[in-house]
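Enquirer: Chains as they are written, first to last, in the numbering used here: chain A, 1 to 225; chain B, 1 to 451.
These aren't lab readings, by the way, just hints derived from the structure by calculation.
Among the hints, a few may not be true.
Stated by the list, open to error - Derived contacts from chain A toward chain B, CB cut-off under 8 Å, selection only:
1. S21
2. L26
3. L141
4. S164
As the list claims (entries may be wrong) - To list a few chain B residues with every Cβ distance to chain A over 12 Å, as calculated:
5. I60
6. G77
7. D120
8. K126
9. D275
10. R276
11. M289
12. T349
13. L441
Ideal placement from N, C-alpha and C gives every residue a C-beta, glycine not left out.
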Amino acid sequence: MMTQESIPAAHQARTPFEFKSAAHLLFIERQRACNIDELGEGLRSCSEESIFQHTFRTLEEHHFIKEGFSNDFAQWAYMELREVGLGERLASLDVREFTALVTLRSRIIGIVEEFASANPKARARSAAAPFYFCSSRTIVLPMHRTASNLDEFIDCLRMVSPHSLHYHFIEARLRRKLESNDFSIWLERDLGLKREASLLNEIDIYTSTLEGVRRKIIQILENSP
Amino acid sequence: MDEMRHSTDRVAEARPTATTNQETEGSGQGQLRARKKPRISDMPPAPPPAPRLAEYEPIIGTFQLDELRFLAKPLVGKRAKMVNSTALGGGVAEMLNRLVPLLDELGVKTNWEVITGGNDFFDVTKAFHNALHGADIILTQQARDVFLRTTEQNRQRIKFEEEFIVIHDPQPAGLITSREGSSARWVWRCHIDLSHPNPDVWNFLRPMVESYDAAVFSSPAFAHSLGIPQALFYPCIDPLSEKNKDLDDSYVQQVCDNFGIDRSRPIVTQISRFDRLKDPVGVIRAYKMARKYVDCQLVLAGGGAADDPEGAVVLREVYEAAGDDPDIIILDLPPWSALEINALQRASTIVVQKSLKEGFGLTVTEALWKGKPTIASAVGGIPTQVIDRQTGVLVNSVEGCAYQIRYLLTHPEFGAQLGRNGREHVKENFLMTTNARRWLLLFRILTGLIT
Numbered sequence: 001m002m003t004q005e006s007i008p009a010a011h012q013a014r015t016p017f018e019f020k021s022a023a024h025l026l027f028i029e030r031q032r033a034c035n036i037d038e039l040g041e042g043l044r045s046c047s048e049e050s051i052f053q054h055t056f057r058t059l060e061e062h063h064f065i066k067e068g069f070s071n072d073f074a075q076w077a078y079m080e081l082r083e084v085g086l087g088e089r090l091a092s093l094d095v096r097e098f099t100a101l102v103t104l105r106s107r108i109i110g111i112v113e114e115f116a117s118a119n120p121k122a123r124a125r126s127a128a129a130p131f132y133f134c135s136s137r138t139i140v141l142p143m144h145r146t147a148s149n150l151d152e153f154i155d156c157l158r159m160v161s162p163h164s165l166h167y168h169f170i171e172a173r174l175r176r177k178l179e180s181n182d183f184s185i186w187l188e189r190d191l192g193l194k195r196e197a198s199l200l201n202e203i204d205i206y207t208s209t210l211e212g213v214r215r216k217i218i219q220i221l222e223n224s225p
Numbered sequence: 001m002d003e004m005r006h007s008t009d010r011v012a013e014a015r016p017t018a019t020t021n022q023e024t025e026g027s028g029q030g031q032l033r034a035r036k037k038p039r040i041s042d043m044p045p046a047p048p049p050a051p052r053l054a055e056y057e058p059i060i061g062t063f064q065l066d067e068l069r070f071l072a073k074p075l076v077g078k079r080a081k082m083v084n085s086t087a088l089g090g091g092v093a094e095m096l097n098r099l100v101p102l103l104d105e106l107g108v109k110t111n112w113e114v115i116t117g118g119n120d121f122f123d124v125t126k127a128f129h130n131a132l133h134g135a136d137i138i139l140t141q142q143a144r145d146v147f148l149r150t151t152e153q154n155r156q157r158i159k160f161e162e163e164f165i166v167i168h169d170p171q172p173a174g175l176i177t178s179r180e181g182s183s184a185r186w187v188w189r190c191h192i193d194l195s196h197p198n199p200d201v202w203n204f205l206r207p208m209v210e211s212y213d214a215a216v217f218s219s220p221a222f223a224h225s226l227g228i229p230q231a232l233f234y235p236c237i238d239p240l241s242e243k244n245k246d247l248d249d250s251y252v253q254q255v256c257d258n259f260g261i262d263r264s265r266p267i268v269t270q271i272s273r274f275d276r277l278k279d280p281v282g283v284i285r286a287y288k289m290a291r292k293y294v295d296c297q298l299v300l301a302g303g304g305a306a307d308d309p310e311g312a313v314v315l316r317e318v319y320e321a322a323g324d325d326p327d328i329i330i331l332d333l334p335p336w337s338a339l340e341i342n343a344l345q346r347a348s349t350i351v352v353q354k355s356l357k358e359g360f361g362l363t364v365t366e367a368l369w370k371g372k373p374t375i376a377s378a379v380g381g382i383p384t385q386v387i388d389r390q391t392g393v394l395v396n397s398v399e400g401c402a403y404q405i406r407y408l409l410t411h412p413e414f415g416a417q418l419g420r421n422g423r424e425h426v427k428e429n430f431l432m433t434t435n436a437r438r439w440l441l442l443f444r445i446l447t448g449l450i451t
């Protein structure tokens, strides 16, 4: 097995990778839901920042949980509405399949509407506690850390905060409108590491913590020939 | 005219002393084994100096600290003012004691002002406080006049020259009238539960609140349909405070020795005031059910019995429920027992918070931060902290609590996993540094410095 020392460091990137991070502030929105129909209404009328908060962002807030937490809608369906079938379907959403919040919103609404029409009795059921729609305002932070080759990149990866990892590895697809991430794009484009770039995209973020994701990325890159 | 004073004077009157169940007369615990008298000062110690930003680095990491500094950069040189109604005692003052120096060090020069008022004013604001929690009161013209008159006196006294003015809670909310002609951004930080406010009092305060640039609440359930943005800031703990800082194990041992707690056996603890809403008797019942199957001791530690008549009644009920069980250790501690509470939490195998009603439940945050498997009721802000079977265990009954005590005491690996997740959850969401981060974010958003 290759060690970090044996990775060729001489290969300089065409452009350095600039590490950034994102800071988010939560705002409370006017929508509230006490049953499935109200959830559907809220989903239709809430802002895109709200969809972002309850899916992408909540994953970051709970980055230390490696299984059983997917998004706030699923969590509410399980815990407060006690609708396991709905919770399960919502939990199966993988944010990485979405490069736009508009399509993610449509998918969630579709799941809720399908469940409601297949389970008309469930529509009358009240949740133990309401779902409060929140939204997230984001500020991107330059970290003034750059990597010009693989060694430097791995060194930075070891140190960056989970917020930075989330920003580059998960949120990136919304910015780039691509089913990829900042790391993979840079590794392929600037270092020619196509295989590694592809392997990074296969990491399952729903069965790992963000720390686990960090370890897997480093492992893939350390094993790079 | 009423004598002018700070509301803190009332806090300073309370001087409860530490007692254990061995020392209280007539509590029916004569058969308990003798324990040493706990050595707790009967005077509050001087508060330790606020920590420097760099002291948080080993806790949150270099990058997170760098993020705070980057976030603060465009705000360096700007000034903020925090205004509340008390300099000592209570969660808001405790929080400001740590937040103000942190913002200062990050370059946002922050002043902290405390409003003054007479007995009549603080009687009115106490009634407002209860009414905003849902109490049924009649809002008289006299009460309105007292509130507005004292607000005006404070408005004349306090200068508002900073770029950001943060007014905490309803008592100083009327100071918003000072914003006229100023370009400062005004924020109302509401720390109390506004989910079911008395309509008369809320309708009196609401126009004041809607004159702010933004409001900040501790839970989405407390927010209202207002014409201003409403941010969500969770309450937080300071990992470097007396109540949460790391302790030498020798000190933890010493505290346990003082209180007659046997660390070689499992310890189940609830830390809370002796208040029916914390259900200490329910905890004893759960412990007794669990005790049939697993060996453990129960520690009930808190305060409130010395300065609150109802607290003393609850404490008596607790002694009665405990009976002559030598493994139930009841500690009525003075408010300055932060280090002892810290040690008790660290010595615990499991921490319980079986409240019937709860605000946010900072004792839960403290237990999670110490990596303790935590069993807590699914009420108030607790489910925000305890994600069932991920960061702790949620319960809804005495029986459920008893079962989870048995389960966690016999499945320590699962408990350890909960403890690890719980600590991470607090680190990410409920630490003082996260609170500072939220303030910096809000200041930047309010001034349009968002790129």
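Enquirer: None of the hints should be skipped; say for each whether it holds.
Expert: The hints, checked one at a time:
With a cut of 8 Å, the hint placing A/S21 at the interface with chain B holds, because the nearest CB-to-CB distance is about 5 Å. Using the Cβ-Cβ criterion of 8 Å, the hint placing A/L26 at the interface with chain B is satisfied: the shortest such distance is roughly 4 Å. Proximity of A/L141 to chain B holds as hinted, the smallest CB-CB distance being about 5 Å (cut-off 8 Å). The criterion of a C-beta within 8 Å of any C-beta in chain B is met by A/S164, whose closest approach is roughly 7 Å, and the hint holds.
Listed as outside the interface, B/I60 is inconsistent with that label: its C-beta sits roughly 9 Å from the nearest C-beta of chain A, within the 12 Å cut-off. No Cβ of chain A approaches the Cβ of B/G77 within 12 Å, the least distance being about 18 Å, so the stated non-interface status holds. Even its closest Cβ contact with chain A, about 34 Å, leaves B/D120 beyond 12 Å, as expected for a residue assigned away from the interface. No Cβ of chain A comes within 12 Å of the Cβ of B/K126; the nearest lies about 27 Å off, and the non-interface call holds.
The Cβ of B/D275 sits about 23 Å from the closest Cβ of chain A, beyond the 12 Å cut-off, so the non-interface label holds. For B/R276, the non-interface assignment is confirmed: its Cβ lies about 23 Å from the closest Cβ of chain A, beyond the 12 Å cut-off. The beta carbon of B/M289 is kept farther than 12 Å from every beta carbon of chain A, the shortest such distance being approximately 25 Å. Even its closest Cβ contact with chain A, about 22 Å, leaves B/T349 beyond 12 Å, as expected for a residue assigned away from the interface.
The claim that B/L441 is not at the interface with chain A is violated, since a C-beta of that chain comes within 12 Å of its own (minimum 4 Å).
In summary, the numbered hints that this structure violates are 5, 13.
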